[in-house]
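Asker: Line by line, the protein sequences are chains R and G. With positions in the first sequence counted from 1, the corresponding number in this note's numbering is that position plus 77. With positions in the second sequence counted from 1, the corresponding number in this note's numbering is that position plus 683.
Rather than coming from a laboratory, the hints here were simulated on the basis of the structure. Careful, some of the hints might be misleading.
Unchecked claim - Label-pair restraints from in silico Cβ distances: (1) R:Ser147 to G:Pro794: 44 to 52 angstroms; (2) R:Leu160 to G:Pro794: 36 to 44 angstroms; (3) R:Gly161 to G:Ile701: 36 to 44 angstroms; (4) R:Arg92 to G:Lys789: 41 to 49 angstroms; (5) G:Gly742 to R:Leu172: 41 to 49 angstroms; (6) R:Ser104 to G:Gln684: 38 to 46 angstroms; (7) R:Thr157 to G:Ser752: 38 to 46 angstroms; (8) R:Gln131 to G:Gly699: 41 to 49 angstroms; (9) G:Ser756 to R:Ser163: 26 to 34 angstroms.
In this text the structure is predicted, and so the values were computed from the model without any measurement. In this text, a Cβ means the ideal position worked out from N, Cα and C, and glycines have one as well.
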Amino acid sequence: KAGVTQTPRYLIKTRGQQVTLSCSPISGHRSVSWYQQTPGQGLQFLFEYFSETQRNKGNFPGRFSGRQFSNSRSEMNVSTLELGDSALYLCASSLVQDQTDTQYFGPGTRLTVL
Amino acid sequence: QKEVEQDPGPLSVPEGAIVSLNCTYSNSAFQYFMWYRQYSRKGPELLMYTYSSGNKEDGRFTAQVDKSSKYISLFIRDSQPSDSATYLCAMNSGGYQKVTFGTGTKLQVIP
Numbered sequence: 078k079a080g081v082t083q084t085p086r087y088l089i090k091t092r093g094q095q096v097t098l099s100c101s102p103i104s105g106h107r108s109v110s111w112y113q114q115t116p117g118q119g120l121q122f123l124f125e126y127f128s129e130t131q132r133n134k135g136n137f138p139g140r141f142s143g144r145q146f147s148n149s150r151s152e153m154n155v156s157t158l159e160l161g162d163s164a165l166y167l168c169a170s171s172l173v174q175d176q177t178d179t180q181y182f183g184p185g186t187r188l189t190v191l
Numbered sequence: 684q685k686e687v688e689q690d691p692g693p694l695s696v697p698e699g700a701i702v703s704l705n706c707t708y709s710n711s712a713f714q715y716f717m718w719y720r721q722y723s724r725k726g727p728e729l730l731m732y733t734y735s736s737g738n739k740e741d742g743r744f745t746a747q748v749d750k751s752s753k754y755i756s757l758f759i760r761d762s763q764p765s766d767s768a769t770y771l772c773a774m775n776s777g778g779y780q781k782v783t784f785g786t787g788t789k790l791q792v793i794p
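Same shape as in the complex, but just chain G (with noise of 0.2 angstroms):
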């Protein structure tokens, strides 16, 4: 079994949709968790980062941790064609510890 599973998609969606993406972890270890963008032909770029329990907000982004349920999740509002990309969530147990990524979600926004 896999520390970190993410529903690889595809997930198409019309432009102005809410889309919600998740990972689980098995590790309780982990206290750092990330969702990376990453678009065709290039690394991944950081989105969001918390390290607690909750939500967490920036513009249309929002991370969710539930960490009794090894649970997390990030919902785009509003979601735009420019939000078509793969999405990793990634986690680590803190210090310099190694990240662990997830396989990542590949999300088409339709016009």
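With the rest of the complex left out, here is chain R (with noise of 0.2 angstroms):
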């Protein structure tokens, strides 16, 4: 079975720029979330999809966010690209995202933001 794939893996814009990431969940999977991983802050949770609706939200500006779409592959889109968004931006996928159900990580797309 596939795993998560994120595409672009690498991702360089200016401030100011938007950006879109892609987040293809393992087959069968309904829940699919998004996290901001840095060095300094670690992970830190973005949005939660299940059945193309936003069930959690994380502490995030508005300028951060997401759908997900009917075959559960999900986006992100962050606006007006800030210094600060540099980061590793990890996607997760499961089959219910409940207490008993794993999450799965893709390898992440790498933004930078110059």
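From these two lone chains plus the hints, build me the complex, please.
Answerer: Right, here's the structure in full:
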């Protein structure tokens, strides 16, 4: 079974631009979560989608948004990029996302904002 | 104060040593505890999962939870160079609530 895939793997943008990252979950998985990983803050939860609905949201500004499609693929968008948005963005998928459910992570998208 | 505190290391040990990795947390609602391993340039992978106080063993790995002290540990016996990675603790309060991660401890096992 193929794992979680994320595209692109690397991205360089400049301040003020916007970016869209894509995540394809494991086949059959309906929950997709997004995380931002930085050396100082570690993994921080952005949001979680299940069956095209956002169920949970972390403490990030409205510049960070996401969506999930009917095939469970998900995208996240960051508008008006800031230098501090440079990070590894990780996507994780699970069957339903509850306490008994394992999250499987993708390799991440490394975003650099210049 | 962060909800989950984890010593970032780096921790360097000789091959064969017993490694102890620890996290403390402040949210008493956390009921489910996980340890992830993350190799360089890869996403985290789940190592251990537990929801009760006490010990859970899986091969060379033992996860320990002390809810009264809000303290969790991961022990690695007979550490191998292939164990060199960043170890992240994670926890949530159940249901489909968000998972809160520690910042990770970088471990290096020297042959």
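Asker: May I ask which of the numbered hints given earlier this structure violates, with the numbers listed in increasing order?
Answerer: 4, 5
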